[in-house]
Amino acid sequence: MSTRSAGSDDSYVRFENVQKSYDGEVLVVKDLNLDIRKGEFVTMLGPSGSGKTTCLMMLAGFEPATHGEIFLNNRPINAVPPNKRGIGMVFQNYALFPHMTVAENLAFPLQVRGMSKFEQEDRVKRVLEMVELPQMGGRRPAQLSGGQQQRVAVARALVFEPDLVLMDEPLGALDKQLREQMQYEIKHIHENLGVTVVYVTHDQTEALTMSDRVAVFEDGVIQQLSSPQALYEDPQNSFVAQFIGENNKLNGTVERVTKDICDVKLDNGSMVKAQKVNVSGKGDRTTLSLRPERVELDPPKSHKNVIEGRIEELIYLGDHIRVRMNVAGNDEFIVKVRNRSDRKPLAEGETKTIGWASEDCKALDLVA
Amino acid sequence: MTDAAQSSDVLVAYDGTPLKQQLAKTTRRMKFRALLLTMPLVLFIIVSFVLPIGDMLFRSLHNPTGSNVAPNFAEAIQKWDGEDYPSDDIIKIFVEDLATARKNREVGKTVGNLATRVNYEIPGSRSLFTKTARRAGKITEGPYLDALIKIDKKWENKNVWVTLKRVTRDYTLSFYLAATDRKYDENESIVRADELYRIYLPILWKTIWLSALITFLCFIIAYPVAYLLSTLPLRTSNLLMILVLLPFWTSLLVRTSAWIAMLQKEGILNNVFVYLGFIGDEHRIQMIYNATGTVISMVHILLPFMILPLYSVMKTIPPSYMRAAKSMGASNFLAFRRVYFPQTIPGIAAGVLLVFILAIGYYITPALVGGNDGLLISNLIANHIQRTLNWSLGAALGTILLVVVLVLYWIYNKLVGVDNLKFG
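The listed protein sequences derive, respectively, from chains U and F.
Letter by letter, the first sequence follows residues 23 to 390 of our numbering.
Letter by letter, the second sequence follows residues 3 to 426 of our numbering.
So here's chain F without its partners, still in its complex pose:
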């Protein structure tokens, strides 16, 4: 210890600068270079992951259709307090905006866009707008509300105006409500959707439940396989490993189609059952285009993701542990339960997490073999993104899925501890 070190608690280098500072200085260049090397990945992740997800989150809350189509009305209606009907001035602006919008051919600013948007909230109200817009140009003088009611009785319904006030606001929660089978009533309070329209929550629960089932089945099947792989002599285990990895090298579509050939009513499995006399020809089992088909093919596809982490953990457990347990008097079962199994938990945790998260967002397989019964939440999301083009609802569903996964991950972390995971 030098005098300098004695005079203060901070360690200093020979020239008197604090040691920490000196250390930071010497490693700065190294750190900077390391950072530079990761830049391509960072940029890629920002462009391909962070931005799209941010965009999705934004879209689920932000839908400017109303203010795009009827900008003046959108501003005016917000002054209405929701009592009675909007003043005739406001309705006048609405009629003018509709007339302008009808002439508009710009993408996203047509009456059709507004009609679709309102139709999300009040199903079956689409024609009201197209019809009214056609005749809006002819309305020249007030009272405008009466003129509208003359065109269509539905304008009498105050809920239409309440809804219009809501959809012309740019930021809205209504897509989240829709995604959780809820809606606003005329008094702007949140109520459950009509029974007929409650579809998303049941599908979400089904997705979670099927993913859990798939994960569980994968675990039951993968554990003994991984054990075998880790204990067999290298040559045999390599061969087995190739068999495990083979599905990875085959196209997902091919594998799924193969399951169709196997499981359909006139498929191989049913033929074998009929041939062996297990079932009559007229009682062939429906094993595909339903939840069963989804589960069977997804278990097959996701199995390697369970086997590999389990295998990588099991391989590191020397056989002497089991022997030691037995030499101390433990039966095979007890030695397994108390000594072997606890040591495989990091592998189980990793495999379960991997398979579950993959399963909960899986899309292709349920779309191909799920029929109506085996559809998962991602199929609905895809449907909204690709077919109904209700991106905001799709985004809201996607966000809910993301939140569900994060919450489950959080619970999982509490139970298992993420630093306990071992992916291999």
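If we strip away everything but chain U, and leave its shape as in the complex, we get:
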């Protein structure tokens, strides 16, 4: 599934057949191949234990790769210790040194590089202004709020002007509102500075909002690496379809394939058309994936795919109404109805027709 362009000049970070095992029995990362271009914002997204953080730690140099090679700027870095890699890093709990002030924290990487006092002060001042905390230099990290600590951590990873910055779930400890605000700020910093960012998170919204490309991890393998839009609209397999956004599942069997459209017989006997994505041909068992907002209630008769469903539950959410239906034996089928003034009244227990465009329904690998 991963893109691979060995030796391509524009690849800045490259994982080549990287494997990682902690105990010699289980592979946490299985044959990882990944290219990241300079200036790109790539997010490693996946549930916990999927190997994403391990990949980041290997890139930072804190964990050795069991097999394979990691390249930075076309230079193999497996043998380079973390302090020689020149990679900025933002840690999950910020890891701000509690015994130093904010300014001292920020000056630390500059001191290590033997920069003059004057230049240190200048850079610290500039970076504090960048994260909008110009007055906070004299404070201790413990005197800052979570969001401020977060900004200092970002500033510290950027102050020595690395070309590559790694972020390990940096927003995990913040509340929802602050998290959203910080997402935009980090995104803007990335755009302004042009640094390459590798970002690890298990929060899909975060991944979709911020990234140029997202690598979805599961079970030590990249399931799909593509832009947020492609990830949502063209999932390559059922895992990605379910992991990203909301998704309706319908199980069935492929009856016929014509080009990239296939006819699928649902388990209750109805026939529908779906885009062929991850099925090989006639007779294959498949799970169809449908986004709730792409399903239409009471569609015009011209629709190709029209089946019936029973409304089980209505949930009023303001901008839309969530309709839970029983469709082809699946009573978790969700349809989002936009809350417009001309919408028809709905009632629980009603039987309604639903329809969708064939391209919006993806025939993927079967999920039990």
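The hints are simulated quantities; they were obtained by calculation from the structure and are not laboratory data.
Mixed in with the good hints there might be a few duds.
Said to hold, decoys possible - Rough simulated footprint, nothing fancy, chain U against chain F, three-plus residues with beta-carbon under 8 angstroms:
(1) 314-323
(2) 327-338
To be verified - Covered stretches of chain U (chain F as the covering partner; in silico rule of three or more C-beta atoms under 8 angstroms from a C-beta of chain F):
(3) 98-110
(4) 128-138
Claimed, not checked - Computed far set for chain U versus chain F, every beta-carbon distance over 10 angstroms:
(5) Asp53
(6) His89
(7) Leu94
(8) Gln114
(9) His210
(10) Ala252
(11) Glu255
(12) Glu277
(13) Val328
(14) Asn361
(15) Ser380
(16) Leu388
Only a predicted model underlies this, so the values are computations on that prediction, with no experimental measurement involved.
Every residue gets a Cβ at the ideal spot worked out from N, C-alpha and C, and that includes glycine.
Fit chain F to the given chain U structure using the hints.
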């Protein structure tokens, strides 16, 4: 804000009473109950700690032996101005008091007590008193001074009378002088003791120096162990922790005796050295019954007190700090020195303080393995309390030790800050 709040700066409750007063009233009961709960401990500390220490401080200054044995003389001699000799009237009272005391069998009021007391000041003068007391009854008429000189030439020595005047005062500094190797001369001015009798200050310095050495060795050994304990996986570190705590569960005597078996001339370590050919059989090393033995066994015994505070602090330092430092370009050593080490200082401070204060007052181990060379100040204190029964001197030494510890603690507080300590 209500009108009431606007009219004055004091916040008031709804009924108009000041808020602070109201708060105090509602929490008073709670505070009282909390106080009540601590009473057993408070009483225990008063009985077992405050009173004994107060008693010790008092005894080091107060010694009524002189006035107990010779009450009339004690009063009379104070009128003597120290010129020439005391008047014959005063000496007459002295002779009478001695004669009375000789008949006295009451504890603490015998001539022997007075003799011992004066003997502290003028070593070797004990027999003068016992001898004189025996014959005091026979002296019936003056001049009394001549009569005394007839019994013993030493009564000619004015210093004896000066000393008598001093020891019959109830409150005296002479035990503190003795404890710091000083004494009064005949003119009541403070001079250093004779070279032969200067023992306490050297031992005090040695105690401080050995305690510092023991503390330092403990720190050097404990730091890596604590680090290992804090970084290993839980199962392994628990096992290691048991090994660290094992000495706590063994009797102090057993542990110290084990060191004797290890370190003595015919002991295990020497045998191994001889067997391996490091040393010849005739050159076995003396490692016990001297300062070396004291240091080795005390480092072993006090080690857990260093490891535990260090461990408790190190455990709270997430590994991400070191990683962060390294990701910013710091070498392992620099990351340790600038990031890890400073954060362990509260643990170091606590461990160092704990071990040093325990070491400076340690008694059993040096007594068992110290020989003559490895004795510490507490062994001398014990000696005065238990054997020579010079409690006042023991108390003075104890007080000096207490003051030394307090002064060191004060300096330490200036350097590290006590609120920076973390015992775990």
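Query raised in the report: Would you say the stretch 327-338 of chain F counts as covered by chain U, given the rule of at least 3 residues with C-beta under 8 angstroms?
Result: holds (count 10)
Query - Least C-beta distance from U:Val328 to chain F larger than 10 angstroms - result: Holds: least Cβ distance 55 angstroms, greater than 10 angstroms.
Query raised in the report: Does U:Asn361 really sit off the interface, with its C-beta more than 10 angstroms from all C-beta atoms of chain F?
Result: Non-interface label on U:Asn361 holds, nearest chain F Cβ at 44 angstroms vs cutoff 10 angstroms.
Query - Verdict on U:Ser380 as a residue remote from chain F, using beta-carbon distances over 10 angstroms - result: Label holds. Min Cβ-Cβ 49 angstroms, cutoff 10 angstroms.
Requested in this report: Would you assess whether U:Glu255, listed as outside the interface, keeps its beta-carbon beyond 10 angstroms of every beta-carbon in chain F?
Outcome: The claim holds: U:Glu255 sits with its nearest Cβ about 36 angstroms from chain F, beyond 10 angstroms.
Query raised in the report: Counting residues of the stretch 98-110 of chain U whose CB is closer than 8 angstroms to a CB in chain F, do you get three or more?
Result: With 8 residues close enough to chain F, the hint holds.
Report task. Check the non-interface label on U:Glu277: least C-beta distance to chain F beyond 10 angstroms or not. Result -> U:Glu277 clear of chain F: closest Cβ-Cβ about 55 angstroms, beyond 10 angstroms.
Report task. Test the statement that U:Asp53 is away from the interface with chain F: the closest C-beta pair must be farther apart than 10 angstroms. Result -> holds, 26 angstroms
Query raised in the report: Taking C-beta pairs only, is U:His89 more than 10 angstroms away from all of chain F?
Result: U:His89 is indeed farther than 10 angstroms from all Cβ atoms of chain F, at 23 angstroms.
Query raised in the report: Going by Cβ atoms, does U:His210 stay more than 10 angstroms from chain F at every point?
Result: holds, 23 angstroms
Requested in this report: Classify the label on U:Ala252 as holds or violated, using whether its beta-carbon is more than 10 angstroms from each beta-carbon of chain F.
Outcome: holds, 32 angstroms
Report task. Verify that the Cβ of U:Leu388 lies farther than 10 angstroms from every Cβ atom of chain F, and report whether the claim holds or is violated. Result -> holds, 40 angstroms
Hint compliance for this structure: hint 8 is the single one not met.
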